[in-house]
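Whenever a hint applies, use it, and build me the whole structure from the sequences.
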Amino acid sequence: MKIAVIGAGKMGVWFAKFFQQKGYGVVLADRKVEKLSKLKKELSVATTTDFKEAVAGADQILLCVSINAIDEVSKAIAPALKAGQVVMDICSIKEAPIKTMHRNIKTATVLGTHPVFGPGSNGVKYKAYVLTPTNPKEAEFAEQFKKWLEAEEAHVFVMTPQKHDELMAVVLGLPHFLGLVACETLLEQKNLPETKKVAGTTYRMLFTLAEATALETPDLFAAVQTNLANLGEVEDLFMAKAQELLTLIKSKDQKAIIDRMEQLKKKLAAADSDFAKSYDVMYKMLQSTEE
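Here the sequence shown is numbered in numbering that gives the first Met the number 0, starting from 0 and rising by one per residue.
For the record, the hints were derived by calculation from the structure and aren't laboratory data. Do not take every clue at face value.
No farther apart than 25 Å at their CA atoms in a straight line, the calculated lysine-lysine pairs in the PhoX-like style are these [unchecked claim]:
| hint | residue 1 | residue 2 |
| --- | --- | --- |
| 1 | 249 | 264 |
| 2 | 266 | 254 |
| 3 | 136 | 146 |
| 4 | 16 | 40 |
| 5 | 31 | 1 |
| 6 | 37 | 16 |
| 7 | 145 | 1 |
Simulated restraints on C-beta separations [unchecked claim]:
| hint | residue 1 | residue 2 | range |
| --- | --- | --- | --- |
| 8 | 271 | 228 | 22 to 28 Å |
| 9 | 23 | 81 | 18 to 24 Å |
| 10 | 81 | 138 | 19 to 25 Å |
Glycine residues also receive a C-beta, built at the ideal position from the N, C-alpha and C atoms.
Listed below in structure tokens is the structure:
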């Protein structure tokens with residue numbers, strides 16, 4: 000089995016290492032010569048700046064490029080593809096990239112995928128991995144790939160691209176939005192360094208989310224925020240709920256605030272039977288980062 004990884008960004012390098020460790024032949028392709036020269040020594044994998052050359056002898060091709068580059072890259076490799084090959088992408092958004100790949104690629108099988116983790120992961124074990132086939136041929140390969148991933152103990156979910164993007168509005172879009180707004184708010188506080196020194200658990204969670212979001216790749220953040228169809232509705236709802244709570248706080252209506260929190264607990268209990276474990280989980284997450 001030979002796999003061509005197109006794009007030597009953080010996730011491209013991660014997958015090149017991952018597949019190499021699993022014993023597959025890997026060729027890593029990127030436009031940047033200096034980056035490839037360095038990676039060739041570090042990873043001991045074949046490298047090339049020629050995307051057609053990379054895919055010509057590959058059984059599977061993994062596009063680890065930005066959403067905005069999918070059109071250009073899929074067009075570039077299309078003439079070198081043949082029946083029997085599979086082209087997958089790893090974009091955080093699925094509907095638009097899959098339509099683009101279908102438009103440009105007519106011979107190989109296309110499969111949209113989304114590994115819901117970052118390059119800091121030590122593998123796919125216990126990680127969510129979404130597959131989004133759109134026709135029987137893609138579904139057939141998706142089932143094979145699902146079995147392979149599950150053998151690696153990944154949590155695999157198969158759904159439509161539309162369903163994926165609907166879920167990602169909440170899973171990715173809303174946390175990104177919260178993190179960026181929180182980061183900008185915290186940076187306006189003149190005593191930010193001191194607040195971090197005396198931080199309790201909830202504040203540590205907040206500034207960790209804020210700082211991690213600020214470190215996100217800007218084009219990924221922008222693509223997620225502008226390409227998920229229902230994300231605006233989710234964020235509008237958040238803003239409305241925030242304004243409702245702020246009104247109660249400004250009016251110093253303690254009874255209304257208490258009643259609101261009690262109602263939230265009841266709703267949580269109905270929606271998630273394990274919600275009471277969240278406080279302990281939060282502590283465990285933070286304790287794992289303590290030195």
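Now for the hints, and whether the structure bears them out:
1. 249 with 264: Holds - the C-alpha atoms of residue 264 and residue 249 are around 23 Å apart, at most 25 Å.
2. 266 with 254: holds (18 Å)
3. 136 with 146: Holds. Residue 136 to residue 146 sits at ~16 Å (cutoff 25 Å).
4. 16 with 40: With a Cα-Cα distance of about 12 Å, the restraint between residue 16 and residue 40 holds, given a limit of 25 Å.
5. 31 with 1: holds (22 Å)
6. 37 with 16: With a Cα-Cα distance of about 14 Å, the restraint between residue 37 and residue 16 holds, given a limit of 25 Å.
7. 145 with 1: Answer holds: residue 145 to residue 1 is near 18 Å, not above 25 Å.
8. 271 with 228: 22 to 28 Å: holds (26 Å)
9. 23 with 81: 18 to 24 Å: holds (19 Å)
10. 81 with 138: 19 to 25 Å: For residue 81 and residue 138 the Cβ distance comes to about 21 Å; the hint holds.
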